[in-house]
Structures are given as C-alpha cells and as structure tokens.
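Residue numbers (our numbering), protein chains in the order written: chain A, 694 to 1035; chain B, 694 to 1035.
One or more of the hints may lead you astray.
Given that identical chains are not distinguished, each listed pair holds provided it fits within a single copy or across any two copies.
BS3-like, lysine-lysine: derived pairs with alpha carbons at most 25 angstroms apart [what the hints assert, rightly or not]:
(1) K794 with K722
(2) K887 with K729
(3) K722 with K987
(4) K841 with K700
Think of the hints as simulated: they come from the structure by calculation, not from any bench. Bear in mind the structure is a predicted one, so any value in this text is a computation, not a measurement.
Number of protein chains: 2
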Amino acid sequence: NDDITKKVLAEYTHAQRMVTHEAQLAVIKTITTNRKIPMNVLNRKQAEAPDTCEVIVNRIGTAPGMWFEYGGAVLVSLPGVPFEMQALMDDVLLKLQQRFKLSAIFHRTLMTYGLPESILAERIAPWENALPPHIKLAYLPNPSTGVKLRLSVYDVQSDTVAAECEAQVARLRALLGDIIYGEELDTLEQTVGKLLREKGATVAVAESCTGGRIASLLTSVAGCSAYFKGAIVAYDNAVKTSMLGVRLDTLQTYGAVSLPVVEQMATGVKQALRTDYAVATSGVAGPDGGTPEKPVGTVCIAVASSAGVASEQLYFSTDRQRNIERASASALNMLRITLLKN
Amino acid sequence: NDDITKKVLAEYTHAQRMVTHEAQLAVIKTITTNRKIPMNVLNRKQAEAPDTCEVIVNRIGTAPGMWFEYGGAVLVSLPGVPFEMQALMDDVLLKLQQRFKLSAIFHRTLMTYGLPESILAERIAPWENALPPHIKLAYLPNPSTGVKLRLSVYDVQSDTVAAECEAQVARLRALLGDIIYGEELDTLEQTVGKLLREKGATVAVAESCTGGRIASLLTSVAGCSAYFKGAIVAYDNAVKTSMLGVRLDTLQTYGAVSLPVVEQMATGVKQALRTDYAVATSGVAGPDGGTPEKPVGTVCIAVASSAGVASEQLYFSTDRQRNIERASASALNMLRITLLKN
Chain A
694 NDDITKKVLA EYTHAQRMVT HEAQLAVIKT ITTNRKIPMN VLNRKQAEAP
744 DTCEVIVNRI GTAPGMWFEY GGAVLVSLPG VPFEMQALMD DVLLKLQQRF
794 KLSAIFHRTL MTYGLPESIL AERIAPWENA LPPHIKLAYL PNPSTGVKLR
844 LSVYDVQSDT VAAECEAQVA RLRALLGDII YGEELDTLEQ TVGKLLREKG
894 ATVAVAESCT GGRIASLLTS VAGCSAYFKG AIVAYDNAVK TSMLGVRLDT
944 LQTYGAVSLP VVEQMATGVK QALRTDYAVA TSGVAGPDGG TPEKPVGTVC
994 IAVASSAGVA SEQLYFSTDR QRNIERASAS ALNMLRITLL KN
Chain B
694 NDDITKKVLA EYTHAQRMVT HEAQLAVIKT ITTNRKIPMN VLNRKQAEAP
744 DTCEVIVNRI GTAPGMWFEY GGAVLVSLPG VPFEMQALMD DVLLKLQQRF
794 KLSAIFHRTL MTYGLPESIL AERIAPWENA LPPHIKLAYL PNPSTGVKLR
844 LSVYDVQSDT VAAECEAQVA RLRALLGDII YGEELDTLEQ TVGKLLREKG
894 ATVAVAESCT GGRIASLLTS VAGCSAYFKG AIVAYDNAVK TSMLGVRLDT
944 LQTYGAVSLP VVEQMATGVK QALRTDYAVA TSGVAGPDGG TPEKPVGTVC
994 IAVASSAGVA SEQLYFSTDR QRNIERASAS ALNMLRITLL KN
C-alpha cells in the first residue's frame, strides 16, 4: 500500500496503463502457494508495472524490478527488501554494462587471517613499495573475515594485466604463507569445510562465549553435513560439567575462562560427538563479567585433534558483538591451521 | 599505507602540517596494549590529522574521523571499517544538526512478527485508510525481524505530533495484539529475554537446520546468562539420538524433519539442560535434501514448557540462508507467544 515509487515513475514517464507481468505473477503464485498463505489483491497488484518500463523479474520476492529509459536517462527501481535488491543488482549491472561503454577495472583479492592490519602492512612493505604505480593495493579489515588484500588496476587498456597481478600475488603468497586462507568471497568456514572434506574428517564445536556462532557459521555452508556433526553450547557452567565432562575442580581452580577448561571442552565434545576434530571457546564477551586478571575481551580457544589438544588466550575489545565475532573467527582460523598441519 | 584520503584532504584544505591528536593516540595505545600487539609507526601515524580539521575521536578503532569546513562546505571523513564508521555517525549527525537548521522528522515504530506483509496490510487497511494525510505509514519487512511498521510525520511544525501518533499506535495495538513484539530497535531475542527474566525462568535450545543461529541470537543479548543455559546443535541424526534422546524408531518412521522428532528434541534438551522452556528446529534448509513431501524450505518447530510441547510445520523459500534466518526468527516468535500464555 505504501509503494508510491511505481505510481510516481509511471506518471513521470507518461505511462498509458499498468500491465500485469506474467513471469512475475507466476513467482508470486509460487511464493504464496509454498508458504501456504492466500494470495490477495495486494499480491496480485505487485506483478503490475507501467507500460513505459521493462520488468526485471524478481525470482525470490514479490516486487519486480523496473528499468525505464526516459529523457535520455536510465531509471532503475528495485525492491526495498535488502536481499531481494541485492539479487537483482547482478541483472542491473549486466544491463548497464551493455547499455553504456564502461572502462574495465581489474581486481585480484586475497583473504588473510591472523595478523593485525598494521603488522601485516609492515611485513609486506618491501613488496608493496616495489609495486608498479598502476597496480594499487587496498587493505580491507573486517572482524569476522580478517584483512582482505585487494590489488586493483583501473581503466585497464592492456591484456597483460591479469598475468601481471598473478605474478604479484605469487610473491605475496610467498611472503604470507598460511596467513592467506583464500581468495575473494572465500570465508574461513568454507576453507575449513574444504579442508575437512579433503581429509574425509568430521568436526564438533563446544561454545561458551561465542554462544552458537561458530556452529552457525559452519552450517551456513551448503553441504556441511558431510563433516559437521553438531555443537554443544555450554553457556552455563553446569552444562560444561554435565554435557562436556569439564571437571568441577578445574572450573573452581582456574575459572570458566581458562586454558585448562577450554581444553577439556574441546576434548569433551570431540568424545561426546565422536569426531576427528573439535574446537572450543570460553571468554568474557562483556559488557559485564570482567575482572582485573580477565578483563572483558579475554577469550580462550582450544582445538582438539588426533595429535592432542592445543589452546591459546587472546584479547579483543570491550564490545560484546565484536568480541563474539572475533572469537568465532579466531577459533575457525586456529582449526584451519591445525587442519593444515595434521 | 593505502590511506590517501587524509593526504588529499590536507592538500585540498591547504593544511600547514599534520598534528598528533592525543586522545586518539591514547585510544590506539589502549587497543594495541589490550590486544598485546606491538605499536608501530603506522599505528602512531593514524593519530595524526591535518591542522585544518577538527578530529572526531574514534573510541573503538585506530583511525579518527575528521571534520573540515572549507570553501563554505562541510567535509567529513570517517574510518572505512563499517562498524567504526557507524559508531562515529552519531557524533557526526549531532554536529550536522547543530551546524545546519534542519526540519524535524518524527518517527514512531512498531515491530511485528507472524503475519506476511500482504495479510498484515489487509488486516489494518481500515485503520490505514483513516490516517490523517500528514501521518505516513511504511511497511519494512525483514526475514529476521518481521515487518516493521513505521509512522512518520515530515517537516514537523506542531508539538502535538507525538501525542497524535501515540493515539494511532494505540489503535494499531488493539488491531494487532500479540503480533506486535516491540518498538524500534527491539529484537525478538531481546523480547524473549525480557519475558524470561520477568518470569525468572530459563531456556535451552535444540537445533538441527538452524545450526546454532537461535543460540547465537539469544547470546547476542547482554546479560543472557540469567536465563539462557545452553544449546545442543544436533546436525547429525546420531547426535539427535545420543544427546537429545530422540527415539530411533521415530526418526525412521517420520524422518528427521517431522513434528514428532522436533517435539522429542525440545523435550529432550529441556530435560538434559534442566530448563523451564525449550525450543527446537528441524528442517530442509537447502539447496539439497528436498523431497516431494518435504521440499527445501520445510521447517518444523517445537516449544516445550511446563504445559507440554507444541509444534508446527512452516514453509519458506529455496534460499539456504533465508530459510535459516526465517526458521530461527519463527522459533523465537513461537517461544515468545508461549511465554505470553504460560
């Protein structure tokens, strides 16, 4: 009812009438049928578009995209639901490329985890300073995915650009080794999944401070049932002892946020779920619960494998959500490094 | 090293020199100390800004914001890390409000869950059609948070606007009842947490297709240890039987995605973690695993309480990530409705 965009664009482009777009109507029928909700007049009206536009069919939602050419300009209207707009953007970008002559940009991206941006920059400074001036380097840090390194060449004129960037990437790989976990669009959970698949191995997770986020990241990858068995989120200490076999005296002596406890969590879940690998976290996510010895942002991580169990203590920030994100990513990264070694 | 913005803005505004901003340097020192990483010359340079700007201190990251006034224009430069930029925007908006005379906009927002947008619109159509023309209504749907209803008055001139909107909100509440779960910025997991706190009750989660997302949402709320005990992510059927006590014959007769199985998961985790309430999910998230009877997007949800266990089967889309998000939100909503009743 509040969609005035369609009305305004129809008026502006002097449309004669609204036309029902059959392909969009079919999508709307499928969506309402699948969700077992009745299709009403409002759903039906969403398939209509002014006769002055070309409809860009929205295959995952009810509101179509519309492409107008009027007064020498291209006007594109897309649905307001963020993921629907995102899905249609690929079609729009393709159409824009066909409609206008655009200069080419070449990107080559590597994903890194484990070094803060400033340390990473120091490590690769000699290489970066020797880059030819037309190849630009960008550092794109993110608490969940690490630092993305992106090489770019703008306004590409020659066809040697790809090979040139590839040679630079090879040098970068030699400098950074296993700090690099993938290329553009790769995630830590995908890389971990790929390594587990290659080994035919399985994994389980025991989470305290990350509260299910690591399990959630692992299951975001399609086909993860081949290697992910499950997780125990032991937010309460009683669950740590009853479900994971953490010893009460260890909890009392060292506290829940400690290397001995997180190691017992990892070995406990590995045993309970009968997997080859396991990863565990325990930390002070905040905003409360910090002490002078273990301030907010302190996180313990352990990884168990056939080679035994290893653990480390890390320090992040005072922000709860960031701490959970960083702890989850660091745990997946520690699992990745373990998978590379044994 | 790739920060050319600072350099360009210094040149453009004819800066004489770069000045180290002590408050920003202090933040950088704290961050590097807490994370136990050495502070190098690159970190130190981040605290510098051209003498032509006013520094907006970044309290959660190393790169400061910069506010320039030059040639009659205001230029604002913010850090590129998305959550750092977001945190500084509040300061920037406040400064913009003080610097320029802006007309006021009044918003009043209600969060709803449980009715698709088109059905919701039908239900409130008489009320919406009777709204005075200066009060606008927007529908803002989101797979994780439901449909947000926002009343807006633009270019506010009178001081009766708040009371007027409040009267409309009261009518809307009467029409929608428990479909409304909160106001602007409230989330389902916060509302569920509030209800559990008020009852002094605890909750546990058993997840198959949602893979830890429900637990992750519950733990995103600070202070959740008061009511959240933990979760069992039983992605593998063997974990459903061994850890949750799901019966093998039930799995074999009805399949993992079925009301009997999800009910046993809910009662199983409630018993294992000794909580007052429990919620469970099992579904076909996709892209594979669908059958004619249970296509991708089929999700079963159960909630267990002292009143027994209730379950329902829902149908979403073909997109894995959307299915996980919708299933998690629907499970939290079913728990919310249960908490309102008993």
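Taking the numbered hints from earlier one at a time, note which ones the structure violates and give those numbers from smallest to largest. Numbers 1 and 2, in rising order.
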